[in-house]
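Engineer: Chains as they are written, first to last, in our numbering: chain A, 17 to 814; chain B, 1495 to 1785; chain C, 40 to 199.
Don't read these hints as lab results, they were simulated from the structure.
Nothing here was measured: the structure is a model prediction, and the numbers come from that model.
Certain hints may be false.
Derived contacts from chain B toward chain A, CB cut-off under 10 Å, selection only [said to hold, decoys possible]: (1) A1585; (2) Q1587; (3) I1758; (4) S1761; (5) V1771; (6) G1774.
Note that beta-carbon positions come from the ideal geometry of N, C-alpha and C, so glycine has one too.
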Amino acid sequence: MIRDQLPTSQVRYVGREVTRIEDPGLVAGSTQFIDNLALPGMLHCAILRSPHPHARIIRVNANPALALDGVVAVLTPEDVRRLANPALTAPAGWGTHCLATDKVRFVGEPVAAVAATSRHIAEDALELIEVEYEPLPPVATAAEALADGAPLLFEQHGSNVIQARVYDWGEVDRVFAEADQVVRSSFRWNRVGANPTETFGCICQWDLADNSLSCYGSYQVPSFWGLARSISLNLPANKVRVISQPMGGAFGGKGGARATDIAALLSRKAGGRPVKYIEDRMEYLLAGFGQSWDRHYEAALALTADGTMTGLRVKLIDDQGATAEGYGTISVAKPLAAFTGNYRIEAARYDTTLVVTNRAPTAPYRGYGPPPHFLVLESLVDLAARQLGVDPAELRRRNYIGKEQFPYTIPSGNEYDSGDYAAVLDKALALAEYPALRRRQAEARTAGRLVGISVVSTVEPGVFDWNAYATVGVQGVGVPEGVRVVVDILGNVTVVVGFNLQGQGQYTIAAQVVADFFGLELGAVRVTTAPTDLAPPHFGQGGSRLGVAVSSAVLGACRKLEADFRRVTAHLLGVPLDEIELMDGRFRMKSRPDAGMSLAEVAGLMLGRSDLLPPGMEPNPQASCVWTAPGRNAPDDQGRCRSYLTAANATHVVMVEIDRDTGHTEILKYVVVDDCGTRLNPAMVDGQIQGAIAQGVGAALYEEYVYDGQANPLVTTFVDYLMPTIHEVPRTERDFVVTPSPTTAFGAKGCGEGALHTTPAAVICAVNDALAPLGVALTETPASPQRVWRLLRQAGLG
Amino acid sequence: MKPAPFDYHAPRTLEAAIALLARFELEGVEARVLAGGQSLMPMLAMRVARPQVLVDLGKVEGLDYIRADGDALLIGAMTTKTAAAESALVAAQQPLFHAATRLVGHRQIRNRGSVGGSFAHADPASEYPAVALVQDLQFRARGPSGERWIPAAQFFVSYMTTRLDPAEILAEVRLPPLPPGTGWAIQEFARRSGDLALAGIAATLRRERGQCTDVRICAFGVNATAVRLPAAEQALLGRPADGEHFSRAAAIAGESLEEPMSCIHASADYRRQLVRVLTGRCLEEAATRAA
Amino acid sequence: MTTRQRTTITVNGTRYEREVEPRLSLADFLRHELHLGGTHVGCEHGVCGVCTVLIDGCSARSCLTLAVQADGAEVTTVEGLRDRESGRLHPIQQAFIDAHGLQCGFCTPGFLMTTLELLRDNPEPSDDEIREALGGNLCRCTGYQSIVESVRLAASRLRG
Ligand SMILES: Cc1cc2nc3c(=O)[nH]c(=O)nc-3n(C[C@H](O)[C@H](O)[C@H](O)COP(=O)(O)OP(=O)(O)OC[C@H]3O[C@@H](n4cnc5c(N)ncnc54)[C@H](O)[C@@H]3O)c2cc1C
Ligand code: FES
Ligand code: FES
């Protein structure tokens, strides 16, 4: 597959484990993360945040702050009302201004801001700002939001419900009525979130002369944020320039909409001086886009007596937090892309209610919606296996979509491109020595130990499309990702992209394709990010798409260059065009391979000897290609469409032991087998998997944003937000299967979110397998020791 | 997360440091001693501590030592935890303190954090105060009116509060030897390794003719200060050192706690359970070490 | 307001003398006074280890140290790792590249500095010793396995 695409006799880079071109700067400490950047005359911003979950703002007096030495500008709700618009949201109308204007809706919501000559002084100044609040009754939970007479967050809507929508796919009621077995359970998924080691940061400069704005910062999806700023700040889109800096991770909503607006307006008020804002960790935990998936589920799975799954019903109440500004809503929509997982389930219903509460707004997090969804589905499958007395691996196998059935359309409308789930399962079971593992478990149980095993399979929808989110009000089909491949007069190649580094290694992928295409050394290819005003149309990282999108776009651009360069060569050698081919970096004659020109020669000629070019040919040795996933369509009235282009899959086998006395869960064994098609750079795929497992373990066992009964956040530091350290992440045993995608150039599938789809379900299912003999089950995440201990006590232990 | 402004002094001698503290106290200026900063710095950054002045002990001569005093050990307040963890003297003579030190945070924290700082900070979740209570450590406080020795039983007053006066500096810690034949153990339960404990137990005991004597059990991470658990100790005194009696003592340890703290990671009743479990485990472990 | 303090710190062999506000952390001093931006900041309250540097040869969180406290000290940062003359990366840096011990790279300087101390004190650490040493450094990207492999690779290369 790779070979077919590349004019080379020997593929040296694509599909190979190569070291990354982005690494030397990173290990040297010279990569320009946003806080390493300083502009002349720069000021520093600090933001005053609400201490109340819900309160009316009576008065804000920022004058005392202005009097402090070093303070240059303050921004107040008044300013913001005058100069800016409320944030765009999906669905529309559930956002606010960058500073709360009428009332605050969550603890940590920005109320005022200061620009000063240092961050220290800016923070001093915050203490001088007087704000008078009139506390309002808070809405602390989704249930409270839905209660009759609940206080309203957005009075104009008359309700706290952002959207209530039921999707019906197939004859759900009939299959449930006819089912021999129905298993059901409720689940509570508590908030977790991205927490990249680098928080959000930006420097904004408002050019007062031509009324334009430049925003440097850790912007995950630069043009998207730029467009949003033009709307919130009343600027024409071509007057907002976003310069994305390398990011210390993102994993979802990195881009600081409010903070960018605040820094921009402060710059405007400070006479156009650049204003830097670096979110600190407590701000991130309080109000950054770092909280995701606050969910209450009730779900049921219907089966026939022989264990055939026939129907799935999922009722979801999703607490979006105080506003929809973080695009947390799309996490409710994404499960449509893989609603029934790996299985042939004929009918399904998804009953969704999205509510606002006085918790912080939620945002996307790696995997978007499916990680909790798969916890629900896979837990139901395990419940069914237990009730039917079938081995859970076996029950899954019986219901897998067969490898001959692809492309396969699931009830919720998406089409899976390819896969061989049974092969993945077999490999995982073999690697785990599954029968022996079960024997070990039996022995341990006899000895009174609480040991559990899970075998969990999931699908990872890869290469997202906007159409997947139409159901929550995002319109559009197609997500363009563009690159420009530029050859200079000496034959050096630069790839210009519209996104910046974030950790997944897409620069390297771009370079791998170019290097193999033109027969160059990997290190000779430069990849660089252009500001939004110069970059080709682009989106950036998100929805496991960029590896596929970038490799496809680069390939497309290389092909265009190849065509032009062949024309020049043919013209110069005086032979017909189809006599010239590109091979191993040379444009050569098919009949006389030694006759031809190098890339540098052609480029040099193009730029230096216009007299020798074919008539009408531009001296332009560069080409752009903007790629979008082919074959995507608009959704029907039930949200059905071909959304995500690829469907990777994985099976995890996990063994855990629970301490009978403390409820502590220890992972004893962790086996992963995945299939993401062609692995463009195997080491990088491995890294994505292991990294996502760490985050999955965090979600399953450690991480949780806790709120009290008044909607006050209780997790505001890394002392309480428990990201796994090296001691908590298991050493995994990994293997893979390759079923190339027929829909992408190299056969690769999206794999960036990967294991986060699987790990939470796998760990929780293993915990429940350990608990099963006691007759108790954990239906809430994370499996913190205290939570598990309560169950143990309920079962008469502990 | 930047500290509020403060002034800074880095005196070279203990006398000078005390004189500064005394002066600020007199002038009504809120001054605070800075040692390794591993607890104080986060509090400054969050602006929950807002001293007007910091008096840094980092440059004070003669506070960084570990030395034998007969069969006791004297440790200067500014000795780092890494120095304590790597000291052969500490390992040989003070195994319980040594084990406790290795449970503190991570290498980077132990490299900077001082031994004295952990006692003076009196974090209820810290291992050190528990060791102090189990082993009757003594604290040498130096102040404007001279020096005094404060026994561990009096040193810890309440949450992050000690008997030290505002102008007093903890200069030295004296660790008496564990009596010959003493078995010891320290265990804790934290969400992640290196985190402050949700609950922990330090215990020592001796065995005479198969019976437990000199039982000391101290819980940390559960109350406003580390606490001895006399009821559990009593229950074991003179009893056989076996699983049955350890379990009984452990059960009493859990029950006898007075109003354990509650936080998002561990409610009061869960802390009781942890204390019960850890007490049982520590007693078993200590017994294996008791001659 | 507070009195600035004359502070002299040797960083990567170069002596710097500055008047600094006492409340300035060593991390902010390195990053914003000396423009040595390789030392990153991830939490400013001592948990993540991203800001790790060596102070007089010992790993330390530069967010939990005031610049004034480091007066007279020798500080080593990630910028001091590569060979001054040739610009060649330190074997530990190269090992992290070769064994894919980083993704976003934001945590990496902290891991490198912690590893530098570890391998100086213990040239042949076991996996458990590596894990113990790196327990105070958070990485959100890699899941740590490749970091352990990087340290192992660095150790073997440094032993020659
Ligand atoms: C991530 C992390 C994990 C940690 N884990 C643990 C752990 O598991 N167990 C544990 O015990 N600790 C832990 N700590 C705290 C650490 O051990 C601190 O070093 C210690 O609590 C304080 O010592 P210090 O020298 O840093 O004191 P500082 O932070 O400088 O001072 C702490 C307090 O004590 C006062 N003080 C200090 N020295 C004296 C003195 N000589 N005389 C009078 N007053 C004094 C100060 O005024 C201040 O109020 C952790 C810290 C961090 C950041
Ligand atoms: S920034 Fe220093 S430990 Fe996190
Ligand atoms: S590589 Fe991104 S945090 Fe470690």
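Engineer: Against each hint, give a clear statement of whether it holds in the structure.
Structural biologist: Verification of the supplied hints:
1. A1585: 23 Å, violated
2. Q1587: Constraint on B/Q1587 not satisfied, violated at 30 Å.
3. I1758: Constraint on B/I1758 satisfied, holds at 5 Å.
4. S1761: 7 Å, holds
5. V1771: 4 Å, holds
6. G1774: Nearest chain A Cβ about 8 Å off; hint holds.
This entry does not satisfy hints 1 and 2, going by the numbered hints stated previously.
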